[in-house]
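Add chain B to chain A, keeping to what the hints say.
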Amino acid sequence: EAGVAQSPRYKIIEKRQSVAFWCNPISGHATLYWYQQILGQGPKLLIQFQNNGVVDDSQLPKDRFSAERLKGVDSTLKIQPAKLEDSAVYLCASSPNPTATNEKLFFGSGTQLSVL
Amino acid sequence: QKEVEQNSGPLSVPEGAIASLNCTYSDRVSQSFFWYRQYSGKSPELIMSIYSNGDKEDGRFTAQLNKASQYVSLLIRDSQPSDSATYLCAVRLGNTPLVFGKGTRLSVIA
Numbered sequence: 005e006a007g008v009a010q011s012p013r014y015k016i017i018e019k020r021q022s023v024a025f026w027c028n029p030i031s032g033h034a035t036l037y038w039y040q041q042i043l044g045q046g047p048k049l050l051i052q053f054q055n056n057g058v059v060d061d062s063q064l065p066k067d068r069f070s071a072e073r074l075k076g077v078d079s080t081l082k083i084q085p086a087k088l089e090d091s092a093v094y095l096c097a098s099s100p101n102p103t104a105t106n107e108k109l110f111f112g113s114g115t116q117l118s119v120l
Numbered sequence: 030q031k032e033v034e035q036n037s038g039p040l041s042v043p044e045g046a047i048a049s050l051n052c053t054y055s056d057r058v059s060q061s062f063f064w065y066r067q068y069s070g071k072s073p074e075l076i077m078s079i080y081s082n083g084d085k086e087d088g089r090f091t092a093q094l095n096k097a098s099q100y101v102s103l104l105i106r107d108s109q110p111s112d113s114a115t116y117l118c119a120v121r122l123g124n125t126p127l128v129f130g131k132g133t134r135l136s137v138i139a
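Taken in sequence, the protein lines are chains A and B.
Reading the first sequence from the start, the letters are residues 5 to 120 in the numbering used here.
Reading the second sequence from the start, the letters are residues 30 to 139 in the numbering used here.
None of these hints come from the bench; they were simulated from the model.
Treat the numbers as computed from the prediction; the structure is a model and nothing was measured.
Any given hint might turn out to be false.
Claimed, not checked - So the derived list for chain A, only partly shown, Cβ under 10 Å to chain B, looks like this:
id: 1; residue: Gln10
id: 2; residue: Asp60
id: 3; residue: Asn101
Claimed, not checked - When the alpha-carbon atoms are kept at most 30 Å apart in a straight line, the in silico DSS-like pairs for lysine-lysine are as follows:
id: 4; chain 1: A; residue 1: Lys19; chain 2: A; residue 2: Lys87
id: 5; chain 1: B; residue 1: Lys71; chain 2: A; residue 2: Lys66
id: 6; chain 1: A; residue 1: Lys87; chain 2: B; residue 2: Lys131
id: 7; chain 1: B; residue 1: Lys131; chain 2: A; residue 2: Lys66
id: 8; chain 1: A; residue 1: Lys108; chain 2: A; residue 2: Lys48
id: 9; chain 1: A; residue 1: Lys48; chain 2: B; residue 2: Lys85
id: 10; chain 1: A; residue 1: Lys48; chain 2: B; residue 2: Lys131
id: 11; chain 1: A; residue 1: Lys15; chain 2: B; residue 2: Lys131
id: 12; chain 1: A; residue 1: Lys108; chain 2: A; residue 2: Lys82
id: 13; chain 1: A; residue 1: Lys19; chain 2: B; residue 2: Lys71
id: 14; chain 1: A; residue 1: Lys19; chain 2: B; residue 2: Lys131
id: 15; chain 1: A; residue 1: Lys108; chain 2: B; residue 2: Lys85
id: 16; chain 1: B; residue 1: Lys96; chain 2: B; residue 2: Lys131
id: 17; chain 1: B; residue 1: Lys71; chain 2: A; residue 2: Lys75
id: 18; chain 1: A; residue 1: Lys87; chain 2: A; residue 2: Lys48
id: 19; chain 1: A; residue 1: Lys15; chain 2: A; residue 2: Lys108
id: 20; chain 1: B; residue 1: Lys71; chain 2: A; residue 2: Lys108
id: 21; chain 1: B; residue 1: Lys71; chain 2: A; residue 2: Lys15
Here a beta-carbon is modelled for each residue, glycine too, at the ideal position from N, C-alpha and C.
Pulled out of the complex, with its shape left as it was, chain A reads as follows (with noise of 0.2 Å):
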């Protein structure tokens, strides 16, 4: 079974510049998750999709940051501008049954974006 795909694995970039990640979770998984991960902290939500819907946005910083689910597979998350405090480990993780309490989460190995 394929795992969860992220691309690309690294990106630099400098402050007020825009950049884009990329998330194809594991086939039929209907939930999508972004999460953010700063340095010595733990993953911070940023946005739940189900399906191609949203489920939670209320810490992703609208301002300058979207994402989208077109057809309920696979995800873009954008920065737009970033900012220095953006530099951190972008996570996309995915689940089979978005109704379970005790549903696992697959995670993909993550963007590292360093903003200078």
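For chain B alone, coordinates are given in the frame of chain A:
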């Protein structure tokens, strides 16, 4: 806003000893509790989940939950150098997204 608190460590234990990792959470109605392991530069992977008060054992790992005290812990018996990683505690209410703690860095000394 749910909060999950962990001691960031590092927690150093000798090989073969028991490592004890602790986590407290603020939302009294949280229902599901998880421990994820994250090696340096890697993504988190689930190692244990627990939903009821008491202990749950899986191999060398034991999760302990005390909802009255809002406390969940992870014990690792016979610790190995390969257990050296950051351990993330995560909690969930119903089918809301997981809320993670900052993680505890564990170092097992050979």
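For a quick check of understanding: which of the numbered hints are violated here, in increasing order?
Hints that this structure does not satisfy do not exist here, as all of them hold.
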